[in-house]
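Make the full structure from the sequences, and use the hints.
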Amino acid sequence: MIARTILMFTIIGFTTPAMAQATLQVTKRDCQRLIRHSPSADVAYKPGVDVRGKRVAPADMHGGSPIKLPKEITIPITVDLAERYGFDDKGMSASSTMGKVTVKGGQAYWNGKPLNGGDQAGIEAACKQAGY
Numbered sequence: 038m039i040a041r042t043i044l045m046f047t048i049i050g051f052t053t054p055a056m057a058q059a060t061l062q063v064t065k066r067d068c069q070r071l072i073r074h075s076p077s078a079d080v081a082y083k084p085g086v087d088v089r090g091k092r093v094a095p096a097d098m099h100g101g102s103p104i105k106l107p108k109e110i111t112i113p114i115t116v117d118l119a120e121r122y123g124f125d126d127k128g129m130s131a132s133s134t135m136g137k138v139t140v141k142g143g144q145a146y147w148n149g150k151p152l153n154g155g156d157q158a159g160i161e162a163a164c165k166q167a168g169y
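Here the sequence shown stands for residues 38 to 169, where the numbers follow our numbering.
Be aware that one or more of the hints could be misleading.
Said to hold, decoys possible - In silico DSSO-like cross-links for lysine-lysine, where the CA-CA straight-line distance does not exceed 30 Å:
#1 137 x 108
#2 108 x 165
#3 83 x 141
#4 105 x 141
#5 137 x 150
#6 108 x 150
#7 141 x 165
#8 83 x 105
#9 150 x 65
#10 165 x 150
#11 137 x 105
#12 65 x 105
#13 108 x 141
#14 150 x 105
#15 137 x 165
#16 108 x 65
#17 141 x 65
#18 108 x 83
#19 65 x 165
#20 137 x 127
#21 137 x 65
To be verified - Cβ-Cβ distance ranges computed for the label pairs, FRET-style:
#22 108 x 159: 19 to 27 Å
#23 62 x 130: 19 to 27 Å
#24 151 x 82: 25 to 33 Å
#25 101 x 76: 16 to 24 Å
#26 94 x 116: 47 to 55 Å
#27 89 x 113: 43 to 51 Å
#28 108 x 169: 19 to 27 Å
#29 70 x 130: 24 to 32 Å
Bear in mind the hints are in silico, worked out from the structure with no lab data behind them. Fair warning: this is a prediction, and the values are worked out from it, not measured in the lab. Don't be surprised by glycine CBs; every beta carbon is placed ideally from N, CA and C.
Here it is in C-alpha cells:
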C-alpha cells in the first residue's frame with residue numbers, strides 16, 4: 038500500500054508540468070450548460086399569438102411544473118491519473134480534482150471566480166468549433 042502511494046505521488050510529481058499543457062475536451066452537455074442562449078428578437082414569445090401572428094387561446098398550465106430547478110449547477114473537472122497513464126487495470130484509482138465550473142444566474146465561474154467576457158467567448162468559440 039505504501040509503495041502504491043509513493044508511486045502515485047511520483048507520477049503526480051513528474052506529470053504536473055505535462056498536465057499544465059493538457060487539452061480539455063468540451064462536450065455537448067458542457068456547452069449546453071455553459072453558454073447563455075440569446076434568442077433573436079423576432080422569435081420572442083408573444084402571449085396569445087401563434088407563429089403566424091394569429092390570435093390563439095392562452096395555454097393554462099394550472100400552476101406550472103412541479104420540478105424546481107437548482108439555482109446553482111456545479112460541474113467538477115477531474116482527471117483520473119491512473120486511467121490516463123494505464124494503471125487503472127491494476128485496481129488503482131488516482132482521481133484528482135482540477136477545479137470546478139459553477140453556473141449561477143446565467144454566469145459561469147471557475148473556482149468561484151467569474152469567467153469574464155473573453156473567457157465566455159473562448160468557451161463559446163470552442164463549442165461552435167466542436168459543432169455544438
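Cross-check of the supplied hints:
1. 137 x 108: holds, 16 Å
2. 108 x 165: Holds, because 26 Å separates the two Cα atoms, which is no more than 30 Å.
3. 83 x 141: Given that 30 Å is the threshold and the Cα spacing comes to 27 Å, the pair holds.
4. 105 x 141: holds, 15 Å
5. 137 x 150: Measuring from Cα to Cα gives roughly 10 Å; hence the hint holds.
6. 108 x 150: holds, 17 Å
7. 141 x 165: Distance of about 22 Å is within 30 Å: holds.
8. 83 x 105: Roughly 24 Å separates the two Cα atoms, so the pair holds.
9. 150 x 65: holds, 23 Å
10. 165 x 150: holds, 24 Å
11. 137 x 105: holds, 23 Å
12. 65 x 105: holds, 23 Å
13. 108 x 141: Holds, because 6 Å separates the two Cα atoms, which is no more than 30 Å.
14. 150 x 105: holds, 26 Å
15. 137 x 165: Distance of about 22 Å is within 30 Å: holds.
16. 108 x 65: holds, 21 Å
17. 141 x 65: holds, 19 Å
18. 108 x 83: holds, 26 Å
19. 65 x 165: holds, 10 Å
20. 137 x 127: holds, 28 Å
21. 137 x 65: holds, 17 Å
22. 108 x 159: 19 to 27 Å: Holds, since residue 108 and residue 159 (Cβ atoms, about 25 Å apart) stay within the stated range.
23. 62 x 130: 19 to 27 Å: Taking Cβ atoms as reference, residue 62 and residue 130 lie about 21 Å apart, which means the hint holds.
24. 151 x 82: 25 to 33 Å: holds, 29 Å
25. 101 x 76: 16 to 24 Å: This hint holds: roughly 21 Å between Cβ atoms.
26. 94 x 116: 47 to 55 Å: holds, 54 Å
27. 89 x 113: 43 to 51 Å: Given about 46 Å between the Cβ atoms, the range holds.
28. 108 x 169: 19 to 27 Å: holds, 24 Å
29. 70 x 130: 24 to 32 Å: Between residue 70 and residue 130, where Cβ atoms are some 26 Å apart, the hint holds.
Hint compliance for this structure: no hint is broken.
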